[in-house]
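*Asks:* Numbering (full-length UniProt numbering), first residue to last: 1 to 179.
Just so you know, not all the hints are guaranteed correct.
[Stated by the list, open to error] Lysine-lysine pairs mimicking DSSO-like chemistry, simulated, CA-CA at most 30 Å apart:
{"no.": "1", "residue 1": "K84", "residue 2": "K41"}
{"no.": "2", "residue 1": "K74", "residue 2": "K32"}
{"no.": "3", "residue 1": "K130", "residue 2": "K41"}
{"no.": "4", "residue 1": "K32", "residue 2": "K47"}
{"no.": "5", "residue 1": "K47", "residue 2": "K84"}
{"no.": "6", "residue 1": "K61", "residue 2": "K141"}
{"no.": "7", "residue 1": "K47", "residue 2": "K100"}
{"no.": "8", "residue 1": "K41", "residue 2": "K169"}
{"no.": "9", "residue 1": "K41", "residue 2": "K100"}
{"no.": "10", "residue 1": "K53", "residue 2": "K100"}
{"no.": "11", "residue 1": "K53", "residue 2": "K32"}
{"no.": "12", "residue 1": "K53", "residue 2": "K141"}
{"no.": "13", "residue 1": "K141", "residue 2": "K74"}
Quick caveat, the hints were computed from the structure, so don't treat them as lab data.
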Amino acid sequence: MELQEAIANRRSYKKYKRDMQIDDDALHEAIKQAADAPNHKFREPWKVVHVTKDRLGDMSKQLSQIAYPNDPEKQQNHYNDVTKLGGMLVVTAQQDPRQKQNLENFMAVGAFTQNLLLLLHEAGIGSCWKTPTFIFNPEVKEMFNVAADESIVGFIYLTDMEERVMHRKRHTDDIIRTF
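Let the sequences and hints guide you as you build the complete structure.
*Replies:* In structure tokens:
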């Protein structure tokens, strides 16, 4: 697959209406390859927690108690959706107390994640990058064993690619300004 084709055709798979399976070996290979992302001073500030298919139910029960503590219906909906996935990734970024280095780290994790999403697409694994507000909850960080000096930047839901995803036109007319 050509790079431009992958960029143009990769989409977020947001429908979890049936049980899905993914190839964990292909996933792990994509994660390793994604690490070829640019990162200043070779800090490689990313880490990934893989929640395998067989652990999604346990993860959802624990996470939804934190995310929706007084809403059993939302807890059940989360469980129903998440347990259909092929797996889930928690992507983290190493924080740095220095402003410039912290920005560089987050930009590097963004590049790593984009590489990963494109590589997953190429491997036939659908994905959707999620950033729910509860990723900032310290209990969620603790649940996934995220270090105090790391931030969760998002979850990547892993699916198959059987659903057809609509291709929306991108707004590219106003992204370039001349100095």
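*Asks:* A separate judgement is required for each hint: does it hold in the structure or not?
*Replies:* Status of the hints after comparison with the structure:
1. With a C-alpha separation of about 40 Å, the suggested pair K84 and K41 falls outside the 30 Å cut-off, and the hint is violated.
2. For the hint pairing K74 with K32, the CA-to-CA distance comes to about 34 Å; that exceeds 30 Å, so the pair is violated.
3. Of the pairs offered as hints, the one joining K130 and K41 holds, with about 28 Å between alpha carbons and a cut-off of 30 Å not exceeded.
4. A distance of roughly 11 Å separates the Cα atoms of K32 and K47; the hinted pair therefore holds under the 30 Å criterion.
5. Between K47 and K84 the alpha-carbon distance is near 24 Å, which keeps this suggested pair within the 30 Å criterion.
6. Between K61 and K141, the direct Cα distance comes to roughly 15 Å. Compliance with the 30 Å bound is thereby established for this hinted pair.
7. For the suggested pair K47 and K100, the alpha carbons sit about 20 Å apart, so the restraint of at most 30 Å is met.
8. Restraint check: the Cα-Cα separation between K41 and K169 comes to about 37 Å, which exceeds 30 Å; the hinted pair is violated.
9. Our distance criterion of 30 Å between C-alpha atoms is met by K41 and K100, whose separation comes to about 12 Å.
10. Annotation: proposed proximity of K53 to K100 is violated, straight-line Cα distance about 38 Å (limit 30 Å).
11. The straight-line distance between the Cα atoms of K53 and K32 is roughly 20 Å, inside the 30 Å bound, and the hint therefore holds.
12. At roughly 20 Å between alpha-carbon atoms, K53 and K141 fall within 30 Å of each other, so this suggested pair holds.
13. With a C-alpha separation of about 20 Å, the suggested pairing of K141 with K74 holds against the 30 Å cut-off.
Violated hints for the displayed structure, listed by number in ascending order: 1, 2, 8, 10.
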